[in-house]
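Please arrange chain C on chain E, whose structure you already have, making use of the hints.
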Amino acid sequence: MSAATPPPLPSRPGALVRALCGPLLLTTLGILLAADHMGRMSFGRTWPVLVIVFGACKLAEYAGAR
Amino acid sequence: MRRGSIFIPLLLIALGALFLIHNLYRELPLLDYLAKYWPFLLIVWGVLRIAEILFWSATNQPLPVSGISGGEWVFIIFLCFFGTTLNAALGFSNWFPRSRFELGGIDIFGESFVYPISGEKPAGKNPRIVLESFRGNARIMGGGDSTVKVTGHKTVRSMDQNNADRANEVTPFEIEGGGDRIVIRTNQDRVSRGQRVSDDMEISVPKGSSIEAHGRSGDFDITNIDGSVTVDADRAAVRLENIGGETRLEVRGSDVIRALNVKGNFDLRGNGSDLDLENMDGTVTIDGGYTGNVAFQNLSKPLHFTGPQTEVSFQKLTGQIRMPLGTFNASNLVGPARLETRSRDIQISDFTNTLEISVDRGDVELRPSLPVSKIDAHTRAGNIVLALPPEASFDLTATTNRGDVNAADFGGVIRQEQNRRGGEMHGSNGGPPIELHSDMGQITVRKANPNEPPFAPRKIQDFRTKGLKQFKAPKELRRLDQ
Numbered sequence: 000m001s002a003a004t005p006p007p008l009p010s011r012p013g014a015l016v017r018a019l020c021g022p023l024l025l026t027t028l029g030i031l032l033a034a035d036h037m038g039r040m041s042f043g044r045t046w047p048v049l050v051i052v053f054g055a056c057k058l059a060e061y062a063g064a065r
Numbered sequence: 000m001r002r003g004s005i006f007i008p009l010l011l012i013a014l015g016a017l018f019l020i021h022n023l024y025r026e027l028p029l030l031d032y033l034a035k036y037w038p039f040l041l042i043v044w045g046v047l048r049i050a051e052i053l054f055w056s057a058t059n060q061p062l063p064v065s066g067i068s069g070g071e072w073v074f075i076i077f078l079c080f081f082g083t084t085l086n087a088a089l090g091f092s093n094w095f096p097r098s099r100f101e102l103g104g105i106d107i108f109g110e111s112f113v114y115p116i117s118g119e120k121p122a123g124k125n126p127r128i129v130l131e132s133f134r135g136n137a138r139i140m141g142g143g144d145s146t147v148k149v150t151g152h153k154t155v156r157s158m159d160q161n162n163a164d165r166a167n168e169v170t171p172f173e174i175e176g177g178g179d180r181i182v183i184r185t186n187q188d189r190v191s192r193g194q195r196v197s198d199d200m201e202i203s204v205p206k207g208s209s210i211e212a213h214g215r216s217g218d219f220d221i222t223n224i225d226g227s228v229t230v231d232a233d234r235a236a237v238r239l240e241n242i243g244g245e246t247r248l249e250v251r252g253s254d255v256i257r258a259l260n261v262k263g264n265f266d267l268r269g270n271g272s273d274l275d276l277e278n279m280d281g282t283v284t285i286d287g288g289y290t291g292n293v294a295f296q297n298l299s300k301p302l303h304f305t306g307p308q309t310e311v312s313f314q315k316l317t318g319q320i321r322m323p324l325g326t327f328n329a330s331n332l333v334g335p336a337r338l339e340t341r342s343r344d345i346q347i348s349d350f351t352n353t354l355e356i357s358v359d360r361g362d363v364e365l366r367p368s369l370p371v372s373k374i375d376a377h378t379r380a381g382n383i384v385l386a387l388p389p390e391a392s393f394d395l396t397a398t399t400n401r402g403d404v405n406a407a408d409f410g411g412v413i414r415q416e417q418n419r420r421g422g423e424m425h426g427s428n429g430g431p432p433i434e435l436h437s438d439m440g441q442i443t444v445r446k447a448n449p450n451e452p453p454f455a456p457r458k459i460q461d462f463r464t465k466g467l468k469q470f471k472a473p474k475e476l477r478r479l480d481q
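Quick note, the sequences are listed as chains E and C, same order. Taken in order, the first sequence gives residues 0 to 65; the numbers are from numbering that gives the first Met the number 0. Taken in order, the second sequence gives residues 0 to 481; the numbers are from numbering that gives the first Met the number 0.
Simulated from the structure, these hints should not be mistaken for lab results. Please read these numbers as outputs of a predicted model, since none were measured by experiment. C-beta atoms are modelled at their ideal positions from N, C-alpha and C, and glycine is treated no differently. What you were told as hints is all true, and nothing was included just to trick you.
With the Cβ distance kept under 7 Å, some of the chain E side facing chain C (calculated, not the full set): (1) A14; (2) L19; (3) L28; (4) G29; (5) L32; (6) A33; (7) H36.
If we strip away everything but chain E, and leave its shape as in the complex, we get (with noise of 0.2 Å):
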């Protein structure tokens, strides 16, 4: 969809990739909090891939940046 789209301004990757790290940080969280209810895997163990995705987000966010 974003291909059809006028040309970005040059900070616009940047500032997409942070707007999108909060929500897909919430969706995570959401995902890991689910399957711990339904007694699929305890959030307890699950934990650390809200750290990864963070990490994911900052490096892509450094990687728009550029």
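Structure of chain C alone, referenced to chain E:
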């Protein structure tokens, strides 16, 4: 200026809808659903926000500096706290306060260590066996021996073997007393709050024993006991089979309570999900809310059930009763019976003796067997259908404030009067009084067909196989044994 997120209005609509459903269907365990499925709110929120941002980006609108604002994170933290607390409070998880949250402290890296336990004591013929408060499962079986014998394993959750060994040492398994009183003690309270110890026990006892068990969480499976049984637990699944004496259960949150072949009186207090009683020879008294499958079959003595929204009592049940969500199906009931409920559809077939029903919201369908006794059925909003045997004698008075009346089958005996909104029916052939009333709903009186099947289905799920977890030694125990 950029518009706000679409999530908040959607959340408000969803909240409104939830409260509306709660008001319309009071029996629906909405809080249970909320406690279990609330994380999907976070998922929906996150996905909607991602879609929004992608849309803004695609349409070249200004993007927010951060996808979720500081205020929204505060709200999310509050929501997580509320959700996990609700989830733990309703007993779906073993997070705090009964155990510890694995995120904090050493338990992130902790694992389970398993130690075998065993003990034996000679006992009299009719000893009292006391299980002091513990966490874990107990299977208690009565047998021919005059000894009390315990085998099983203890599970310690700890960071390393040394800590687990220490926890194992400070929580020795003890079996004390002898003769007519034996105490089984797990000493789980002696470990620090951060560690968790649970014991799974198989206990064989003399058949004449009485059992007194106190538990925090876990399953009890008690079979072939001639004496009384008392179980007091915070969270437990309880299965009883072939119990000779009085039974008293107080379980604050139960997944399942099942009792089969209990000779003495049965007294149950607490809250839970499934409840299944079959072949009960004593008086049954139940005080509590059970939101899952509730089923009764073959009760020889009176039952008194007091739930948060439903009260039932009758003298005897030769058929069965099933009370799934929003319904009450019964067959072969012996009265005097009384049923008072806020919101259930009621179907009762083949009942004798007097019956008194009061429903706030729900349809009532009754099919008495001969001889027909006094019936008094009231519903505020719902239809009433009464199917009488063709040869029944009765003295009928039926009124509805809004709705039709119909007794075409008994045209010669029953007189119908339909007014502008409601209607009345009167008719007597010299039988007992039958009074039907609906504030809003149709009333139909018809002749029953002798071949109509009973309302409650004959077959209920296999009592013996559904339910409790089996006692299996975990892998670690097998490893330790080698």
